[in-house]
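So the protein lines, in turn, are chains A and B.
In this text, residue positions in the first sequence follow this note's numbering: the first is 15, and each later residue adds one.
In this text, residue positions in the second sequence follow this note's numbering: the first is 53, and each later residue adds one.
If you are wondering where the hints come from, they were derived from the structure by calculation, not from laboratory data.
Even for Gly, the Cβ is constructed at its ideal location relative to N, Cα and C.
There's no promise every hint is true.
Listed below are the simulated EDC-like cross-link pairs for lysine to aspartate or glutamate, each with C-alpha atoms no more than 20 Å apart in a straight line [unchecked claim]:
#1 B/206 with A/73
#2 A/68 with B/222
#3 B/291 with B/255
#4 B/393 with B/460
#5 B/230 with A/73
#6 B/213 with A/89
#7 B/77 with B/397
#8 B/218 with B/229
#9 A/66 with B/360
#10 B/213 with A/93
#11 A/86 with A/64
#12 B/213 with A/73
#13 B/449 with B/405
#14 A/66 with A/93
#15 B/291 with B/258
#16 B/218 with A/33
#17 A/16 with A/93
#18 B/213 with A/30
#19 A/68 with B/229
#20 B/218 with A/25
#21 B/458 with A/33
#22 B/149 with B/162
#23 B/458 with A/37
#24 A/66 with B/221
#25 B/230 with A/64
#26 A/68 with A/33
#27 B/218 with A/30
Residues of chain A clear of chain B, computed beta-carbon distances all greater than 12 Å [what the hints assert, rightly or not]:
#28 18
#29 19
#30 30
#31 52
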Amino acid sequence: MKDEIREVVLEYVINEYMEDQDDEITYDTALISGGYVDSFSMVSLKRFLETKYKISLPDNRATPEAFDTVDKITELVIEFLGYKE
Amino acid sequence: MAYSDKVRATYQQQLQELQDKGIFKIERYIHSVQDAEIEVEFPPGAPLKRVINICANNYLGLSSHPEVVAAAHEGLDARGYGMSSVRFICGTQDIHKELEKRMTEFLGTEDTILFPSCMDANAGVFEAILGEEDVMISDRLVHASLIDGIRLCKAMTDSFKHSDMKHLEEKLILHSDKRNKLVITDGVYSMDGDTAPLDKMVELCEKYDAMILVDDSHSSGFIGKTGRGTHEKCGVVGKIDIITTTFGKGLGGASGGCVSGRKELVELCRQKARPYLFSNTIAPPVVAGVLNVLEILSATTERRDKLERNAGWWRKNLTEAGFILQPGDTPIVPVMLFNAKLSQDFARDLFAEGVYAIGFFFPVVPQGKARIRTQISAAHDMHHLEKALAAFIKVGKKYDILGKTKNEIMVMYGN
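Pulled out of the complex, with its shape left as it was, chain B reads as follows (with noise of 0.2 Å):
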């Protein structure tokens, strides 16, 4: 045994620290499927409580919605649990055809292909198609998952200010000499639920002979006028030369993502993108799961514009009780209280008001900018948004937040 006490100590001694600065993360354990109620045990041991849920990706309200539930129970009857094999040996089966080529015609893309995760796409996908003589440019705030693809590729990395175009075109024509040239970004940004500009990106990389990459996950299925991504609320589907996404967010909730986008690039994936690789792909069960997503999402936009009109009611009505929200149209709506402690103490107290939503403070988010992440979902019905915004402005009360500046919430409590 060679994880002695010394080892163990710096261990705990690294998990301390953790405790030390505050960022040390516990779960909450969800008693219930996911929904727009939850049934939650918080702290550890306590009595189960049944509160809205604001803080999933389950955009679409499909992870329990019974059709899919009906459909995976049916994947898991005909196909089977898992592949015990990665794809290229025996693990790809029909329906994982049919997802690839569901897929490409819902994005509009020419090809996809399946990854366990769209951490896995992100982490494979750049050290597949790129190599030293060629240069990624990234805005400075996407996901963490792109940022480590990018870390794992041999390719000259270099960086731009968040959505700022001019910067952008700098950039492309300062590595105007290299061989291959690909700008990457979020569709939409996770943390603030702003939009990137893509149609400005992109016609800035047709210019400059360069290729984009959008990581789609908080878009797929529900941005856009029939929920394609951002690329159709942008206008330039068929332009976006790779798309990641993930299975895990509005498509179903489950797990599993891809890459889609130009037909040799995702060949190329398939040939040496490693986590597609070596490991096994999406369980027979998610697939049929997310097949049938993509059947709902593709026979009406209802749900995508029920989110719609319930993100626009939740904004509204946020700002008109004098919250400060982050800009933006999409359903992830960061209410702003700039201080961590007031983050966490607001998060809380919503919590014991029957609201589930987190705080989110630094290294999470910059400094003096935390805030509680609010997200919308099409499985909220209005007595959910009603009561969670009444538990918002009680709490908002109690702190005298409410029609704040930002500098005077700073004076109150810091940053």
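Only chain A is shown next, with the shape it has when bound in the complex (with noise of 0.2 Å):
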């Protein structure tokens, strides 16, 4: 379940932010602090996440740190969907 939502995740960044070819992002890159991913972009992230994973995410929860690499969004998706089920 956790690699799977970690491809999700990867795969939606990568076509969301990414703009020059030449850059590598991989499930520890620093998406927020790092500049790939400007804070108003975050929120169509978090929406997208709601829609697919059916869960919602609270605004104290959906922190620029919280959204910072791959790996902590997917930690994040998996306590909602664990308080979920």
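Two chains, two separate frames, one set of hints: put the complex together.
So this is what it looks like as structure tokens:
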């Protein structure tokens, strides 16, 4: 389950945010603090996760820190999927 | 006194960091009017040097046009120097209303409200017309003043890849549940000189019931067949819900800006936009000057036609000389050098050759995309452009970049 979510999130992030083909991002690339994802765009990532996994991420958990790497995002999704189950 | 040595040291350190990063900005002092040729004191204390200016937003060459200057003088005599009041107390003159009416006609909109600057227009408009139930979807390369305005507004934010209509459509679908949706773009992008595909954007906005805002600061007065702006070029006059623009560039170059568009949105700005409510509006002589600019531009397209010819000549000849340009068809012609230091060295050498241009590099433009941004004006005559071209070629040869590819330049100089 975790690996599957990681792949989905990584694919989304690459399609959504990568402009320059020279840049490679991995599961632990710093997305926000590394300048790949600006704060205006975080909302679409949050909305994507909520729609895809039918979860609700409260604003106080959807922070730049929690969204900074694919691995951190995956952990957050798993946590909220757990609450739901 | 609370400005202790310790406090002072923290600020000195911040300034030193800017110096160390090479992003400390310095001004060149101009001892003449703004024009195709200017008298520059640089570095401070150096004797004045007469140079060709190819980095001003003086697109139509009206900054020191005798008729505009005379109109400003008349405005100064007839309506005074300032109003000492914000608009809604006792700061509105007949000429302010006249300018709003004339801008509405010029842009083909429903109504217009003046702001002290376009920066202020962009800072005030979003908060005035959108709330928490709404969403703002902006192009990822919009101007800093739009970004600041978006930050001041409580509506949800999102962005789409630069001029990527497929991505914009995905975002409009994603946010289809929001009350009001506002798509935000520049008309002409100031660093790259490319034009937003407003026809396609309007089509998407109509399909998904979204409004559209265009900052046309680098277009008003000269883009489109009669210079109305990007909406005229793209065939969507009357379909842009909000246009923000400036009087500080093509339209005279002094100061001031406006929000022009749907009458309800303009009225909401008049009631709620904070930079409008809490700051004096444009000073009377400037209002009189802009009114004259609009008269000149409504009578003839001569100036925008000359600008188009100049920009076409400049772009064609730089390309033939072997420079790499950002593609586009506006008077903003970026000459790509890729390396930050090369862009600074190139600009310094151009200045020595009598051509004033500025090298831009990260963080103003993306890493590895340093450039000299050239801006062509209707004030330029052919001898100016020929001399500037000769200087570019001389300096280009010195650095051996003519006819070279991006990769070859980056191998020589790094990125």
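Subject >> Numbers of unmet hints, in rising order >> reply: 6, 9, 10, 12, 26, 30 and 31
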